[in-house]
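Engineer: Each chain sits in its own coordinate frame; assemble them with the hints.
Each chain is listed here by its residues.
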Amino acid sequence: MESSSSSVSTATPVGVTPDYDDRIVKMFFTATVIWGIVGMLVGVIIALQLTFWQANLGPWLSFGRLRPLHTNAVIFAFAGNVCFTGIYHSMQRLLKTRMFNDTLSRIHFWGWQLIIVSAAVTLPLGMTQSKEYAELIWPIDVAITLVWVVFGINFFGTVARRKVQHLYVAIWFYMSFVITIAVLHIFNSLAIPATLFRSYPIYTGLTDALVQWWYGHNAVGFFLTTPFLGLMYYYLPRAAERPVYSYRLSIIHFWALVFLYIWAGPHHLLFSALPDWAQTLGMVFSIMLIAPSWGGMLNGLLTLRGAWDRVRTDPVLKMMVVAVSFYGMSTFEGPMMSIRAVNGLAHYTNWVIGHVHSGALGWVGMMSFGMLYWLVPRLYKRELWKPQWAEAHFWLATIGIVLYTVAMWAAGLMEGLQWRAINDAGQLANPIFLDITARLQPFLLLRVVGGSMYLVGAIMMGINFWKTVRGSDEAAQTPASVTA
Amino acid sequence: MTKETNRLLGHADEADGIEEYDNPLPDWWLGLFWITIIWAVGYTVHYHFIADRSQEGALAAELAAAEERWPEQAQAQLAFSYSEEAATQGEQVYNQNCFPCHGMQMEGGIGPSFVDAEWIHGGQAANIVQIIQNGVLDKGMVAWQGILSPEQITNVASYVIRRHSEATGRPIEEILLPPDEVGAEDAPS
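Sequences listed follow chains R and P, in order.
Numbering of the first sequence is given in this note's numbering, commencing with residue 1 and proceeding in unit increments.
Numbering of the second sequence is given in this note's numbering, commencing with residue 485 and proceeding in unit increments.
Hints were generated in silico from the structure; no laboratory data involved.
Hints are all accurate, no fakes.
Here chain P is said to cover these stretches of chain R; the calculated rule only asks that three of the stretch's residues, wherever they fall, bring their Cβ under 8 angstroms from a Cβ of chain P:
id: 1; region: 239-250
id: 2; region: 292-299
id: 3; region: 417-428
Every beta carbon over 12 angstroms from chain R, so not counted as near; a handful from chain P, in silico:
id: 4; residue: A563
id: 5; residue: G593
id: 6; residue: Q608
id: 7; residue: P663
Among the chain P residues that face chain R by a calculated CB cut under 7 angstroms, a handful are:
id: 8; residue: H495
id: 9; residue: E498
id: 10; residue: L516
id: 11; residue: A524
id: 12; residue: Y527
id: 13; residue: S538
id: 14; residue: W554
id: 15; residue: S633
By construction, the Cβ of each residue, glycine as well, lies at the ideal position given by its N, Cα and C atoms.
Just chain P, with the same shape it has in the complex (with noise of 0.2 angstroms):
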């Protein structure tokens, strides 16, 4: 601001009175417009055209990255198989993440009752266990997998598996046998 003349320009009469010094940009300020609008440049051609980022990219980068620092999760998801002390471990689980939706009796209430005979998404583990990991996105079931391990999952899936079976009298044994296909209305149209 060593530029400022601090000369008037003598138009108040037209502005209430008010008037105006001639004064130049500050340098440091038109030197920021400029810095801003370079950047701006900069960036878009670096981003689009140089490194060619996008945030599928970037989400798919991150999801690899993933994989690759705690592989045995990924592994991990076959490895279900239902035992009495998984299901009572499993209270603890379902009651700090699940109860808020399907319900402290598991009655339901957001999302559906697991004491009835009627399953949406297939009534074997093998469903009930791929419904906790993945989720129901559509309908808000959060897919578990990431937020609780593979240990967690396998404790929640066999409390629930023996809550339904206690409710409904049908045989664990039974529940384990191979998945149901999955129903008509959950196929992609």
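With the rest of the complex left out, here is chain R (with noise of 0.2 angstroms):
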């Protein structure tokens, strides 16, 4: 591992050690690892109980159950704690100062992992409140509040004793991260509890319908996009050692993404009950984010000039080229899907769940993976135990993707043009539901094999970074001329 000396040598004065926290940011790595691949384990499980009926076992271990276990494990357990482990490790260097509170930073710690278990215990015990990716029950809701506000006074605190007077334009992304996500986990969880169990929203029919989907939209735009923009604005040119492309770009794009995605989800409700204008508004504005959403893409590819003969070699920026491109495809899909004729044919289908994984896998993961593989070995001051696992990691996860892809693009196009089918005779074509749902399986099964192969490479760097990290020990005493 380089000193990396020609790019960090004017953020630490030399002689001086910074008094960062990193045994936090090694607690959040360490969570991430750990449900990634539990989360990914559970993906795996649930796409074999749609293929195959006999998977789903007693009603705990449903299909129904799983789903949201799913769901949640993998955005709020592992791309939570990428977020976490990613913030908490580049805000302290980009302030030039220790988080705000030691306390604070465990409480969070904690409180999020004890939140993370108790949703896969109540998960498939059947206690939801049917929102999707907002079914953990009240008590738990009320837990997450309090956590983030504990993470949010940690984040503005350290913020507001910073040692620098420009914000770096990753801070400006998890700032929205972190204020958005708190507006819109209180406002789509508001619900009146009528037991320890069970409470009942305080929104009814098509209100909540629309704030269940202003949330669901954006937890995609705020969970899963922007804070991992600020880590793409952070890791990647640390990887790659060259400057952002664009300074204007990152401003420009930055503000009209936030502005533009919080009106976007009634994309959600096209041709449902929802007033015409409002399902208009959705659409328009789904529209009006390709460009916004590009603009990280370009700034990401951009800031490679100059090191695209590493990106041949190094598995952290193969990865990070990745993630950057399907973020690129899946937000351009997005807003292609949100358009009311291609909508009628989309909703409703795989071609759905398709897309979602191509920004989750594609994007979530892959920037996850890279940020760690660049991260860990400078945390732990270690090399890497095996190199040429990342690589495999990188070419099963991205042969991965495309399967699933490519499975869900081919499957939902046949649902949707089977669904809609009329003959000569003006009558449906497959009458019977049941008979295009059984024509999926083998696309399913395709899906299968794809997500085994992600999950496969995530087990494959939780063993790496296992043996890199216990490896530490033996070099405690490691020169300082490793540290990054």
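Structural biologist: In structure tokens form, the structure reads like this:
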């Protein structure tokens, strides 16, 4: 590992060891790897359940209960802990100060893990608010709010006592994450408790649906997009050792993205009881999101100018390039799917699942892996145990995503076309819904294969990091020259 | 991207060593952004004010087009008449479409039984045909008109009538009498 002195020498004055809290970064990193593997494993299990109904075991391990467990685990446990890992690591360095309060950091960490464990217990037991990505029952919702406020105080406390004047763009993206997720979570989860495990939402009918999809869409926007763009803006130029392509583009696309994203939720409710004007609003704001989203992709890819030779050999940069490319692809696909005519074909089909996963596996997953492969050796001051495993992980994950996405495109188009097909007599060409469902099986099986490859890659990463971290005990007295 | 300056802004010491270029927005990127904004305004004005479109309007137009293309189906509803031949042919229709809810032996399941004396929505032939055609959407019964042809509906209704008659001993002639009044629970409240 090079000392990367050329790029950090200005950040850290020679002879001064900054007093950063890296212990909390290691804690969040450990949780990330564990929950990532668990969440992806549950994903493969439910993919198997959709292919072979026999894989549904009892009510507790049936698709209906494991599916929210999968989504909560990969979004809030895996992606959440990735964000916290990267934010706690990078913000201290970007702001040249230790976290505001170590106790708040610990409360944040243990509180968040406790929430994840309680989700993993309650969801298989069938306790749910039945709002997508917000299934957790009200006591857990309250806990999320409290832990998030702790995180918010710690975050803005750190920003307040920063030792730099200029706020780097990554911090702006992190701020949008902290603030918006608080607003989204609180307002979507407002409910009147009836018992300890049950509550009634304060919204009814259409209002409930609209608030839910305002939340659901912006969970994608502000949990899986803006914090990861922040991570990209820190870790991609650090890994490439290149200047960010355009400061102006980063500011413009940041404000355009956060302003436009928040209105796009109604595109989840096209052709529903939602008034036509609100459907139009969701659709046109989605279209206007293409350029602001691509601004992030452009700034990422153009930052690599002069470093493309290293992209061929460095798994970190490879993963980041694939991540940014999938980000560009899925932020074009999404607006296309929000167009009324396309949505009429795509909605309720597996195409939507494919779209979500090209973002989740491609963008969020690959960005996370790239960041971790760069961060872990520096965090533990230790060479990666097997770099060739990281290379294998890259190929397994990339091919896995492609198989997954292609399978879901094919399945979704087939479903959408067959549902609406009409024969010459004016009757449904496929009157029996179950027939179409049965025809999906080969595609669903291909999805299991793609997802399994992705999972195997993640497990290899876990073993690789385990070996790397354990090795660091022997090398506790590492010379200071490898600090990064 | 011809206007690239590649001039460093020089605040790397405030960003953990990360430098940033002072490059302008790429022209094509800015152009794309403007096009989507103009399109968004244009689409909204066109959809809601110039073309005055709506999803209800789109549905009505689609239904009108279908009625024009397949006019015989609209009239064919009234043409039900019972025959043994139709009842025999209806078995296949039943076994392809109806059994998942009403059972292989019409004993019921998700939907009600046809082999007992009770009819929820009227037990005369005309009631049965009407329910098959229009469904009971609140209860999950599909409106089969448009999915099954008028002939298939005639056949499957005849088959249900014959099996009901065989199971309960109620004469077919009685079932073919004019329809029952629709029960109170079906009336709009």
